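So the chains spell out like this:
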Amino acid sequence: MAVSVDEAVSTGPARDRTPPARRLGGRGRSALEVALLTVLAVVMLFPVLWMIETSIKENRDVYAVPAQFFGFTVTMDHFKDVFVGPDGGRSALSVAFLNSAVVAGVSTVLATVLGVPAAWAYSRLAVKARKDQLFFILSTRFMPPVVVVIPIFLMYRQVGLIDSKLGLILIYTAFNVPFTIWMMKGFVDEVPAEYEDAAMLDGYTRLQAFWRFTLPLLVPGIAATAVFALIFSWNEFVFAIFLTSSDSVRTAPPAIAGLIGGTTTDWGLVAAASVVFALPVLVFAYLVRKHLVAGVTLGAVRR
Amino acid sequence: MAGIEVTALHKRYPDGTVAVDHVDLSIDDGELFVMLGPSGCGKTTTLRAIAGLERQTTGDIRIGDTLVNDLLPAERDIAMVFQFYALYPHLRTRDNLAFPLRAEGLPKAEVRERVAEAARLMRLDSLLDRRPRQLSGGEQQRVALARALVRRPRAFLMDEPLTNLDAELRADMRTEIKHLQGELGTTMVYVTHDQVEAMSLGHRIAILNKGRVEQIGTPLEVYNRPASLFCAAFIGSPPMNLIEVEVADGKLRSQGGLVLTPPPGLPRDRRLVAGVRPEALEVTEPGAQRSVPARVVSAEWLGDEIIYAIDHSGQRDVRVRMPPTVRFAADAPVGLRHTGGTPTVYDVHTEELVA
Ligand SMILES: Nc1ncnc2c1ncn2[C@@H]1O[C@H](COP(=O)(O)OP(=O)(O)O)[C@@H](O)[C@H]1O
Ligand SMILES: [Mg+2]
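As you go down the protein sequences, you meet chains A and B in turn.
Reminder that position 123 of the first sequence reads as 123 in UniProt numbering, one-by-one numbering, no gaps.
Reminder that position 332 of the second sequence reads as 332 in UniProt numbering, one-by-one numbering, no gaps.
Keep in mind the hints are simulated off the structure, nothing from the lab.
Warning: the hint list may mix true and false statements.
Simulated restraints on C-beta separations [said to hold, decoys possible]: (1) B/ALA109 - A/VAL109: 39 to 45 Å; (2) B/ASP29 - A/VAL109: 52 to 58 Å; (3) B/ALA171 - A/PHE142: 37 to 43 Å; (4) B/SER39 - A/PRO47: 54 to 60 Å; (5) A/TRP211 - B/ASN69: 24 to 30 Å; (6) A/PHE142 - B/THR175: 57 to 63 Å; (7) B/ASN69 - A/ALA121: 19 to 25 Å; (8) B/SER39 - A/GLY105: 46 to 52 Å; (9) B/THR175 - A/ASP189: 32 to 38 Å; (10) B/GLU279 - A/ARG212: 50 to 56 Å.
Being a predicted model, the structure only gives us computed values, none of them experimental.
Where is the CB? At the ideal position from N, CA and C, for every residue including glycine.
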């Protein structure tokens with residue numbers, strides 16, 4: 001944490017530049033804001049920076065006392081180790097990353113395909129006891145995974161889903177569908193039902209009206225929802241570690257966790273694996289960042 | 001083209017709300033029929049039931065000679081214009097207009113021709129390549145109207161299409177809609193909560209209240225003989241004065257001594273209310289002939305007329321419409337005189353017209 005203190009102190013001059021006699025509002029406040037934000041940014045980003053640094057340090061620099069922030073030898077060996085096994089073939093970690101991508105991707109697609117039409121139905125159709133149903137759907141998320149993992153484990157063992165990607169995909173889908181329904185219902189509610197009404201009067205069936213008019217307007221909402229579902233599945237640890245055991249099925253979070261422990265821990269490898277693990281989500285979230293905050297309709301809504 | 005017959009319509013939403021209690025309507029072929037009523041009285045629900053967007057709980061709907069209860073919206077051959085215009089946001093005006101025709105599978109040449117015709121009718125030629133968000137509210141409304149008429153449906157349904165426009169534009173569009181309907185001769189059901197719009201547009205008006213029809217009639221009938229206290233209070237700006245009266249010596253007499261000619265066939269021994277239009281009263285100098293003493297509460301000068309609120313034996317809101325040349329100060333003692341013909345008379349308990 002030495003660095004964060006250093007950095008925090010270094011923001012001092014920025015504050016000093018504003019003479020105390022200056023008016024309290026305006027620039028004075030904004031300088032204070034800048035200072036606070038800088039402190040905040042440093043505190044928040046330090047672990048990330050440290051992870052990235054560790055991933056490109058040689059192992060002896062990792063353990064150096066005092067810690068080295070600059071001037072260490074940069075190496076890409078750890079990243080190579082993430083993907084290439086000691087025998088020159090694919091490493092167990094790279095298989096785990098692939099598994100993670102498959103499990104997260106497929107479960108997100110499934111949750112979206114199931115959840116979006118359900119959200120539309122809850123928003124548009126006269127569903128009996130709609131509120132109760134929606135509450136029930138939400139209530140399935142009240143249970144933390146760790147509480148239900150044992151019963152799930154027993155059930156999975158009965159039906160032979162233990163240690164299979166399909167098993168993980170199903171459980172992640174089950175967890176993401178309620179979330180997708182709730183989040184998408186908000187987005188569907190935002191799209192005026194009159195588009196569909198007009199389309200139905202124009203000669204389309206209800207389903208065609210949904211498909212051709214409402215769905216295109218929902219794309220930003222679907223993107224936002226899918227990113228959240230994807231992040232959940234990608235990061236999920238508890239189910240993954242309980243329900244899988246073999247290297248060929250295991251996803252990245254338990255695989256990375258498995259690197260720690262034993263007699264020695266290759267912290268460089270752990271850090272490199274973590275960087276690789278964090279990247280896809282960051283990139284994906286960055287790509288859809290506009291949708292994450294944007295309104296849903298394409299305009300023309302004057303109520 | 002076709003008339004529309006609504007029989008004993010009743011609609012209860014799944015949450016238990018009874019939006020339409022009992023509605024009977026018989027709309028003639030080629031008629032411009034207005035449904036008028038306060039917000040929440042079931043106008044939209046009735047219209048959506050006619051369109052097939054909402055299934056009625058009980059009751060029958062016929063368009064032309066066809067019972068349409070079980071037909072899909074698309075099979076009913078009607079067009080609807082929504083309060084929120086519902087133009088497809090990702091389509092240009094041209095494609096918004098062509099859309100219903102393409103859905104029907106018309107040949108391209110005919111689609112182009114019909115779109116051009118509708119665009120000419122609604123003066124949209126310069127707007128054909130814009131998207132909805134590049135159009136003003138009035139322009140969007142014209143596109144919505146054009147989209148409704150491009151299909152040449154058997155009937156138009158309009159749900160408060162002018163509510164989102166500003167006052168001036170609304171008056172223009174009103175004229176335009178009326179003209180268009182006359183030109184095309186297509187049956188139109190027009191829903192509004194604005195009585196001025198209803199009076200100026202409708203061949204006939206149905207006044208709805210709490211999911212029931214209170215009165216159906218021409219604008220003149222509805223204005224001159226409101227069928228219930230609700231209609232009396234709803235139509236006219238300011239609305240009818242409702243003055244409690246008693247029958248005495250063959251005359252109607254208010255508490256403050258105002259004397260009105262009773263209509264024939266008045267029931268006795270019932271509490272009655274007389275409906276008197278603001279223009280059927282007159283503010284006079286105090287003590288003028290046949291006048292009763294009263295007091296000015298306030299005066300609203302509207303340019304071409306003055307609306308006086310008069311205190312008449314404790315009833316403080318008797319409205320009187322006077323020409324702008326006659327001025328009385330607030331609080332001035334004045335006379336109040338009835339100048340019109342026979343008033344309408346309502347039973348206080350049933351709230352209905354008795355004579
Ligand atoms: N989908 C619905 N579900 C439940 N109640 C509704 C629904 N739509 C309208 N209502 C209720 O039905 C009544 C009539 O509504 P509506 O037909 O929209 O009235 P109006 O168009 O005359 O303002 C209102 O009390 C309204 O709250
Ligand atoms: Mg309405």
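Problem set entry | Indices of hints not satisfied (ascending) | 3
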